[in-house]
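**Student:** Chain by chain, the residues:
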Amino acid sequence: MTALLDVRGLSAGYGDFQALFEVYMAVEEGETLAIIGANGAGKTTLLRTLAGLVPASSGTVRFAGADLLAVPAWKRVGHGISLVPEGRMLFPSLDVRENLLIGAHARRGGRWNLDRVIEVFPLLAPLLGRPSEVLSGGEKQAVAIGRALMANPRLMLLDEVSLGLAPLVVKQLYAALPEVVEAGTTVLVVEQDIGQAAAAADRLVCLLEGRVVLEGDPDCLTRGDIVAAYFGMKAET
Amino acid sequence: MIWANAVVQGLLLGGLLALFATGLSLAFGVMRFVNLAHGDLAVLAAFLAVSVTGGLGVNPFWSLLVVVPAMAAVGYLLQRYAFNRTMGPDPLPSILVTFGLSVVIQNALLEGYSADSQGLDAGPIETASVELPGGIAVGWFPLLMAAVAAVVLVGLQLFLSRTRMGRAFRATSDDPSTARLMGIDDRRVYAAVMAVAFATVAMAGLFLGMRQTFGPSDGPAQLIFAFEAVVIGGIGSLWGTLLGGVVLGVSQTVGNQIDVEFNFLSGPLFGHLIFLAALAFRPTGLLGAGRRA
Numbered sequence: 001m002t003a004l005l006d007v008r009g010l011s012a013g014y015g016d017f018q019a020l021f022e023v024y025m026a027v028e029e030g031e032t033l034a035i036i037g038a039n040g041a042g043k044t045t046l047l048r049t050l051a052g053l054v055p056a057s058s059g060t061v062r063f064a065g066a067d068l069l070a071v072p073a074w075k076r077v078g079h080g081i082s083l084v085p086e087g088r089m090l091f092p093s094l095d096v097r098e099n100l101l102i103g104a105h106a107r108r109g110g111r112w113n114l115d116r117v118i119e120v121f122p123l124l125a126p127l128l129g130r131p132s133e134v135l136s137g138g139e140k141q142a143v144a145i146g147r148a149l150m151a152n153p154r155l156m157l158l159d160e161v162s163l164g165l166a167p168l169v170v171k172q173l174y175a176a177l178p179e180v181v182e183a184g185t186t187v188l189v190v191e192q193d194i195g196q197a198a199a200a201a202d203r204l205v206c207l208l209e210g211r212v213v214l215e216g217d218p219d220c221l222t223r224g225d226i227v228a229a230y231f232g233m234k235a236e237t
Numbered sequence: 001m002i003w004a005n006a007v008v009q010g011l012l013l014g015g016l017l018a019l020f021a022t023g024l025s026l027a028f029g030v031m032r033f034v035n036l037a038h039g040d041l042a043v044l045a046a047f048l049a050v051s052v053t054g055g056l057g058v059n060p061f062w063s064l065l066v067v068v069p070a071m072a073a074v075g076y077l078l079q080r081y082a083f084n085r086t087m088g089p090d091p092l093p094s095i096l097v098t099f100g101l102s103v104v105i106q107n108a109l110l111e112g113y114s115a116d117s118q119g120l121d122a123g124p125i126e127t128a129s130v131e132l133p134g135g136i137a138v139g140w141f142p143l144l145m146a147a148v149a150a151v152v153l154v155g156l157q158l159f160l161s162r163t164r165m166g167r168a169f170r171a172t173s174d175d176p177s178t179a180r181l182m183g184i185d186d187r188r189v190y191a192a193v194m195a196v197a198f199a200t201v202a203m204a205g206l207f208l209g210m211r212q213t214f215g216p217s218d219g220p221a222q223l224i225f226a227f228e229a230v231v232i233g234g235i236g237s238l239w240g241t242l243l244g245g246v247v248l249g250v251s252q253t254v255g256n257q258i259d260v261e262f263n264f265l266s267g268p269l270f271g272h273l274i275f276l277a278a279l280a281f282r283p284t285g286l287l288g289a290g291r292r293a
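Protein sequence lines, in the order shown, are assigned to chains A and B. Oh and the first sequence: position 101 is 101 in the numbering used here, straight run, nothing missing. Oh and the second sequence: position 182 is 182 in the numbering used here, straight run, nothing missing.
Bear in mind the hints are in silico, worked out from the structure with no lab data behind them. Incorrect hints may appear among the rest.
To be verified - Calculated cross-link-like contacts (lysine to any residue; reagent style SDA-like; alpha-carbon spacing at most 25 Å): (1) Lys75(A) - Asp175(B); (2) Lys75(A) - Arg188(B); (3) Lys75(A) - Leu114(A); (4) Lys75(A) - Leu160(B).
To be verified - Covered stretches of chain B (chain A as the covering partner; in silico rule of three or more C-beta atoms under 8 Å from a C-beta of chain A): (5) 165 to 172; (6) 177 to 186.
Fair warning: this is a prediction, and the values are worked out from it, not measured in the lab. Ideal Cβ positions, reconstructed from N, Cα and C, are used throughout, including at glycine.
Looking at chain B on its own, in the form it has when it is part of the complex (with noise of 0.2 Å):
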């Protein structure tokens, strides 16, 4: 039954992880960009949370209605002015601009916030939980994130299959200068892309300072997450981010009590391992398609 609470508990965080990781799928897929500022702008809403939760007085949940579009608006504004500036063939640019904002995320959250550890206090969800049949307790907290990350993700993918604008989207990331024969600007696709990335990042990094504490540091360490769900559920997919995030949740936990019982290996590294191993047998991904020449 131990091992069974390991599975199930990491099929809950694996909802977390693939919401975090959901954002770096949709940019690559769409645009092969490489973010590798994404795990610090998780960690940037949770900050801002924490200013909208101590200037409000309100719960974390409702700081979501203003740090998730404010960080859309951001994403939406940096991809229009900065970011398309990068693009092109060489994705070498755009990887040297992310990688500065990184640093100017962390240093500016040092300067703001100061070194120390920061969390988000989410109220009785935290510890509340409900048993299942076995004796396997699971928090609702967990449970709403994994609930968020499965809306979440069907909701992108009904965007992108069924309407106008998802079209848009998937023609573009197929060709973009036969896009731009259908009157489709790129650029602005472009942007609102990266304004839904930055969107999901934002919720992620929201649960993620309810989760857990976090300092102004903690962006890479999310970011090599996010990417390992990502290349192990297949890149530029969001069902195969949502089954990576699941594989890597559950790698973790078994990973931790593997730990536990035996001594041997640690969570994240079991995680390392089985991306590693995705990565050797099968690089396109579970249900990554390969990219298209």
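Chain A with its partners taken away, still in its complex shape (with noise of 0.2 Å):
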């Protein structure tokens, strides 16, 4: 089977400063991924690098056969690709039904619109005529992925989903992937809680000074695997 993303020998970084060095990843179709590892080890690169945020300086990216670098960022959504980047990046200007729909911009179709996504995301409806400066983080949260699923992706990037939140929030955002991921959409989230990620994904890719040092089924990794992976005990032995 062709994997949806491929990744192969990515390189990036900002400037002279290299955050990523020759990662190598395949995404199934219908997957939920999960990238873990400690700050810097260039999760959130990989995913604005994979968006067209931050341009790769060697490697290769394929998304459904298509060579993914060749496109410019704001093409990206318009074949499939959806970030919802870490902080949550509202658009203060717009209030809240404006930043859902701004998400469809792209005009692609799909199973999502504005009512699926109130479905989904039910604490949002009373929310929707309200500046999106004026709430809380989760529910910004909750804006930033339905503003991501107005897009009908087939790829969503999900950029530290619990950063900042309370465990209960969370818990209630990521009761809405397997909705996501049902409805067709592939999952590539990245997330520093180590549980969070094993209970959510099906697989785990874990990152370590930009290079891919862990890689399987979660239920097939031991917790001392991982441990290992996320710090580099592994790297050093």
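Combine both chains into one complex, guided by the hints.
**Tutor:** Below, the structure is given as structure tokens:
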């Protein structure tokens, strides 16, 4: 089976600073893949590179068979890639409804629309007319995920979903993921919470200092393997 | 009644000043782009109207149909292929480029039309007026200018708040990187914004040409008035720009009246003082919320 996303030898960074070193990774259609790693491991850079916000310095990325690196960032959503960025990055001059609607700017047809997003995140229903700036962290994250879903993505990239949120809110957000996958969206989630990532994902990839150091089914990996890869203990021994 | 007349005339003049400032406000609000050639563009549009009216033998109002779309196209192309290359965290390149454009426009106009002052003859409407209760005479032409300014500003506000494209403009203004993730090409949005800015300043230039004589080097003075209207009203706010234009217009006509009555101050000087006061006591402008970090 051909992978939906096939990353080969991807290197990227910011100016002279290289954050990713020849990353190899594949994501199958319909799966949920979690990328874990400590701060500075390159998780966010990987997602931003896939979304087109950080230029790749070498390597190839094929998405549904097409050369993704040749596609400018603003066209990638049209190809079916949506990023929920770290920090939510809602548009402050747009209210909640507008923040959701702008997710559908590329007019990609599909199952997701405003009503369906509200079904999945009912907490947003009474907030639609509110300015996005007054929302709580969890509400903002729900809007950010809803906004990405409005684009009807084939692949949704979620960056640090749980960052700065209460455990209960994180649980509610992750509870929506199975419905997203069931609707035909493949999910690539960056997560620092190893337990949360292992529970939600079909497969784990661990990054350390910009390189893939561990990959596998969370049910087959021992906690020791994951912790060693996460902190680089395996690399030292 | 003299003072009431000054205020009424100032309100109408405010419409023209607001129309002048709209493009500047829009470009800065969406792109943080300071266009130092803004005043020269108004003068350029007026000179183009001279050519169109002379060539086709039509009333200057009809020249709007040619000059405004032509200026919008120039604005789109300039932004797409020149200004976009200067944009970034450092505002200096765009300031230098538009300053250069200002010099180029002034010299091109000087070469093409000579240094002689020109004017656009709008016909009988220039002198026609209607008398309000209290004996205040209001010219139809200033009324028309104010009405056009109000329609343009309200139309733009509705466009920004109610349409899909307007939503894209606001999102790009907030955060161009994240806007790209929504499928918005920020470079094209900027070009569209500049097209609208050029179209509005072309309209203002034509009204200027019908209202008074103009020469190739009049642009910088118009730029100052536009800047003052934007700053008084609040940077990036279209309603603020309308209000700023009105405040500046009233300041200038009241200043003129003070000059007539007391031989003290002059219209533009009084306007500049009001601008300085606004800058000192309300630097974010009357309706501006200040720049977001």
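**Student:** For every hint, state whether the structure bears it out.
**Tutor:** Verification of the hints:
Between the alpha carbons of lysine 75(A) and aspartate 175(B) the distance comes to roughly 17 Å, so the proposed pair stays at or under 25 Å and holds. For the hint pairing lysine 75(A) with arginine 188(B), the CA-to-CA distance comes to about 13 Å; that is within 25 Å, so the pair holds. In summary, the hint linking lysine 75(A) to leucine 114(A) is supported, as the alpha carbons are separated by about 22 Å, within the 25 Å threshold. For the given pair, lysine 75(A) sits about 23 Å from leucine 160(B) by alpha-carbon distance, which is consistent with the 25 Å threshold.
Counting residues of the stretch 165 to 172 of chain B whose beta carbon lies closer than 8 Å to any beta carbon of chain A gives 4, which reaches the threshold of three, so the coverage claim holds. Beta-carbon proximity to chain A at under 8 Å applies to 10 residues in the stretch 177 to 186 of chain B; the threshold of 3 is reached and the given coverage holds.
Checked against the numbered hints above, the structure breaks none of them.
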